[in-house]
Amino acid sequence: MSCVNNSGQAMLKTKAKVALEDGRVFEGISFGAAGETYGEVVFNTSMTGYQEILTDPSYKGQIVTMTYPLIGNYGVNSEDVESRKPFAEGFIVKECSRIVSNWRSEKSLGDYLQENDIIGIEGIDTRALTRHIRLQGTMKAVISTEDMDDKNLVGKARASVGLIGRDLVKDVACEETYVWGTGKSDTRNQKRDAGRRCKAGRCKVVVIDCGVKYNILRELANHGCRAVVVPAKTGAEQILKMKPDGVLLSNGPGDPAAVPYVVETIKHLIYQGSSINYRLPIMGICLGHQMLGLALGGKTYKLKFGHHGGNHPVKDLKTGKVAITVQNHGFCVDIDSLSKNDIEITHINLNDNTLEGIRHRKLPVFSVQFHPEASPGPRDARYLFGEFVNLMRTKGQRCLNGQTFTKS
Amino acid sequence: MPKREDIKRILMIGSGPIVIGQACEFDYSGSQACKALREEGYFTILVNSNPATIMTDPNMADTTYVEPLTVEAVTEIIKKEKPDAILPTLGGQTGLNLAYFLMKEGILKKYGVESIGASVEAISRAEDRELFKKAMREIDVDTPRSGIATDLKEGMRIGLEIGLPLILRPAYCMGGSGSSTVYNKEELEEFLTKGLEMSPVHQVLVEQSVLGWKEIEFEVMRDRVDNVIMITSMENVDPMGVHTGDSIVVAPSQSVSAREYAKFVTLSRKIIRKIGVEGGGANIQFGQNPDDGHIVIIEVNPRLSRSSALASKATGFPIARVATKLAVGLTLPEVLNEITGRTMSFFEPTIDYCVFKICRFTFEKFPRAEKVLNTSMKAVGEAMSIGRNFREALQKGVRSTETGRFGLGSDGRDTITDEALESAPDDLMEEIKRNLRIPNDERLFYIRYGLKAGLTIDEIHELSKIDRWFIDNIRQIVELEKEIKEFRINKSQTAIPPELLRRAKMNGFSDRQLAYLLDSTEGKVRSMRKESNIEAVYKSVDTCGGEFKADKPYYYSTYETKNESEPSSSKKVLILGGGPNRIGQGIEFDYCCCHASFALKEEGVESIMVNCNPETVSTDYDTSDKLYFEPLTVEDVLNIVDIEHPIGAIVQFGGQTPLNISAQLAKAGLKILGTSPDSIDRAENRKRFQQTIRKLKLIQPDNGTATSFEGARKVANNIGYPVVVRPSYVLGGRAMEIVYDDEDLAGFMKKAVEASPERPILIDKFLEDAIEVDVDAIADGERCVVGGIMEHIEEAGIHSGDSAMVLPPHTLGEDTIDVIRQNTYSLAKELNVKGLLNIQYAVKNNVVYVLEVNPRASRTIPFIGKAIGIPLANLATKIMLGKTLEELGFTKEKKINHVAVKESVFPFIRFPGVDVVLGPEMKSTGEVMGIDSTFGAAYAKSQIAAGQKLPKKGTVFISVKNQDKRAIILIAKKLVDLGFKIVATSGTAGVLNKNGIKAKVLPKLHEGRPNIIDLVKDGRVELMINTPAGKATKEDETKIRSNAILYGVPLITTIAGAEATVNGIEDLIKRKKISVKSLQKYHAQV
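Protein chains in written order, with the numbering used here: chain L, 33 to 440; chain R, 112 to 1197.
Bound-form chain L, shown alone (with noise of 0.2 Å):
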């Protein structure tokens, strides 16, 4: 079987294999790079934003399914990325588009992926899979382009190692500690974006990166902030020392048990960050929420298949206004097991009634689990990091008391 790409050149189709962990076997076609990959499959109703999602830290350690099923129409350019490069261990589709069209467009999805060293694959029934994955959970999964034996792949998918336990945020976060918009790589928006300075003065934000999301920063830098990226493995002492003016808890990939140092990070920030004058905000972001909530005593949890896309509706409970967000999780902090005198529940998911954020009742500390940045996906959620640059201007002053964090 042949086909033509862009460039008018015929290509040669290769059969590729999807195989879960239950013995469900999918046929397909190659399409990105050849070889064998594992990971734990997830499926994402996003409709677009294939680019955004491919290079999302958070999807270290997971195949990616699409729900839509026309995917790569618009191709690839080099600044809808999320991160330096894509994550995802897979990448599941019912097509591929084989032109691409659109003004922005520098390469195509398959030559991107190859090019990344993604093994992708089309022709999939994936509504079928994401059912199957809806009504049996979220499971390991191999796909492969080499071996075509069922009984195999199903073996090789269940020998594999799964999320829980495993910490994938060293494998995604930065090695050494930089400033948004300065290094030599950054495209010209993002140093333009990071020059902006708010009329209040500048906010210095540590990030603690546990596979950020570079939407993060740009957002952070739209709100007149400077974003330190330091690497997960800071510790508070380190960031202490830099004179945050806030610190930001970046979302990242797998189970956030998996991360304990990070999580005792977050614990002396928390307490040693705060004097009788001075406490320091903290803003945590999807794993940084449930690290956030483990810092705080909670639990957490795997959910059965997870939220990934961009059309969950989470309502505020302090004002009763409802934000459609962009969500990517597996995992979940117990709405339980948080203590409420402490702990306030802000957010929660209006679909399944779990939690979407917490705050401290006393100090300058939030989360979300939900993705305010967005992209891909709609920017309901985006005022919060306008919140965050207000509680970084009243630097804790009793700020908290009594008062919300929400949109005024």
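Just so you know, these hints were derived from the structure itself, not from any lab.
Bear in mind that the values here come from a model prediction, so they are computed numbers and not experimental data.
Honestly, I wouldn't trust all of these hints.
Computed list of lysine-lysine pairs in DSS-like fashion (alpha-carbon distance at most 30 Å, straight line) [to be verified]: (1) R/374 with L/117; (2) L/236 with R/374; (3) L/336 with R/663; (4) R/576 with L/139.
Which bits of chain L does chain R cover? Going by a derived footprint, with three or more residues having C-beta under 8 Å, they are [stated by the list, open to error]: (5) 72 to 85; (6) 101 to 109; (7) 122 to 129; (8) 154 to 167; (9) 340 to 346; (10) 352 to 358; (11) 399 to 411.
All residues carry an ideal CB built from backbone N, CA and C; glycine is no exception.
Dock chain R against chain L, hints included.
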């Protein structure tokens, strides 16, 4: 926030008759709204002049007015019903405009009525071009450069400043009527003048043309606490320059990146907030420069629209229902998502398929109209298809339009052969390029021709500006077509490999196309497929991409691994819908299909609807127990039968669409419920019908059948001219004509044969000046009860769908009516009708002739339902399930004490230059009903409802053909007595003056000025009576009539119509004001 308790009674405005730009989508939205309001416990008052709607069924609203949608009539209703609020956002542009004028005239304020859903301010901000631009400027949203003109001079200045080409948009006009693209100064002047006339507020937006830009739409909803959600994006395949109602549209957008998408979303939020929609939905249209991504806003509709109906059906999100709940103060998190049954409406639907909308045009009905698409909408209907890829959706969409095509080409119906395309001579290449450059209804096919003739994707993109992604997908279809052809039976020794066959099906190829490509038959392809286990599976539309379990999803076919449609074990019946609206087959049939569904529910039988028309109530998620959004072809229906195993199918409600395939379905083993296919054939097949008539000793006009011109000529000469020629098995009088001599016959035979191949042509003696009568009856095989006998206002020769009708007959004698009744009984019995039956009669010199018998639901079933208060389609369904009329308690014809008049509305204004004379070929798009205690009042209402501004004083222009001159005298006399002045052409004026009626003579158009057209343009004539002279229409007359339409002067083209109109005017003058009464009250008196 809870619903509002400070309002109790809500008045809802419907959209009136089906016209181009406003079709049954507003029945869908209105019906959902009625249900939603009553669910919340509000007293609902509905006004709509269109009887063919589900929303006007007496059980939908608490009280229902079938009255004209005018300020006058609605004011009377407001006085009577004292509503607290008016909900104007579900009745299309008509509803919105009416609310606007009620506000302008102070009616709302005077009676303390609040506009909910969209405040009057919000409506003005979206509709008033100047306010709109200002609002957009305030939130930094770019609009195309433009200016507002209120007169010609100003318009010219603005236009020349911006630079040509330009788009002109008259304010407050729906469906882009009057909107046009102009390329030079002369056109600018011409269309400015027209646009200013057309706009009810005499305002035209002169706008920079963004021709060729991408057109992206968003459906947005907002509640009163400022929650905003996007229902879906839509991308127009035809770029800017073609009205979105005429464009091929896909959902979601295909070529927009996530970052751009987010930008559109952010803009949409800003816009809906700025416009100020508080508790409702809006459609927002953007243009995007494909070269640099620059976005401009084109327009906002702060109401339910055709696009929102499409978005609703495309995603499963019931926009109208939710919009209504928001209008009464509920918030998005408080409204349940009924599709999933477990999540709330505050979310954004995500879809995992490709939706394709394609339009149905009827240029063939208006031969003189230019077959070009532009910013003025021309489509009369649309079909929606769903596939797992664009190609599958496209091919399904093409066959859903029922234009005789079974996919994108290779179905034996291509107008350009493969051989011609291979050599592609210059003139052919020119034709292809022209058709790619100038948007038209065949452009999709020309992309295929272009690709086959060797044009590249880039070349086609340059010509058409259609996005390369769409063109490449079409190229994939073309490539596959070539691959399949290699296995042509006479060419290849090997059969087509199953892998390729499966791929073909995944790309939407129908069995018919494959049969053509493989030189095989549809049946053989089908069995070949089944042998290789290549069968359709059904996936669901569930609003959430499979993330949650869904309680009430609907289904579409595709070729994938896993089927989701699990048939229940209960007794079930398939209802075949009517497909896209077209002239001759519209909302009336959807009404019947819905009633079939309601009746099945009442009988405890599972109802399964099959239809592909996204505008309809029948494709609403909760109308039937199960819905398949599928094309109505033999293949697609049988695939459903294979899964569902229904006890039978109802084919008599969906118009001609299901009837055309019923014989093949029956042959394949599907039981047809009700009247048997053989009986249907006995009625439709002229030869067999003649035998039946003879057997029953009934009278038919002299007639014969022929399959060639020679045969037809012989028959015609035998019978004697004039004769009516028509093909069998067509609806809406397609290609039906009255011919006066051999020469005419030759011309019309050609067209008629095209209209219905393999089937004979029917030739009937034309009964000049006969009165036509339509009868709808219901029978159970034993008993037959007449539902209604309707006398046509216009004389025989005018299609029954175009003729005004009155129920009960107002001039026929009781003995004639009795003959008609007896004829109906014997035909029902002889044909063993089980269900509905429509018969057309002609009465001349007291002789009753049977013109035709249709053993199916007719266009007038809903009209009768509203007039007599009995839903005949509902009863007919129960009969098909085995009930008798006696069991149903309907054994006696209903006598009514009121009069109901049905009048038709026409799309002439969309087709400039087309003559507006009525004939045997149906041309109307919709209908209205006037109901009152006397004929005059009911007729006047019907005219007002149809948009004729009946004058109470002023000048009447009369010009009639010779044979009408005697009849016009009385009419003119009455007009003079009522205080009108008469102007007339010399011949007519001569006759009138001779009879003592003062009539001023107007010069003929070429004789001097001011002539009648000058009078029309200056608004100095209030009514025109012009009966066309003879068979050849004079150029002058055509011009006069077109101008009447363009300038909105009521025009009457028949003597009978003139009589009735004068009757109506007399009533209007006498009564001083319109009287209104609810259907429920009328029905209580039956």
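ask   = So which of the earlier hints does this model not fit?
value = Per hint list: zero violations.
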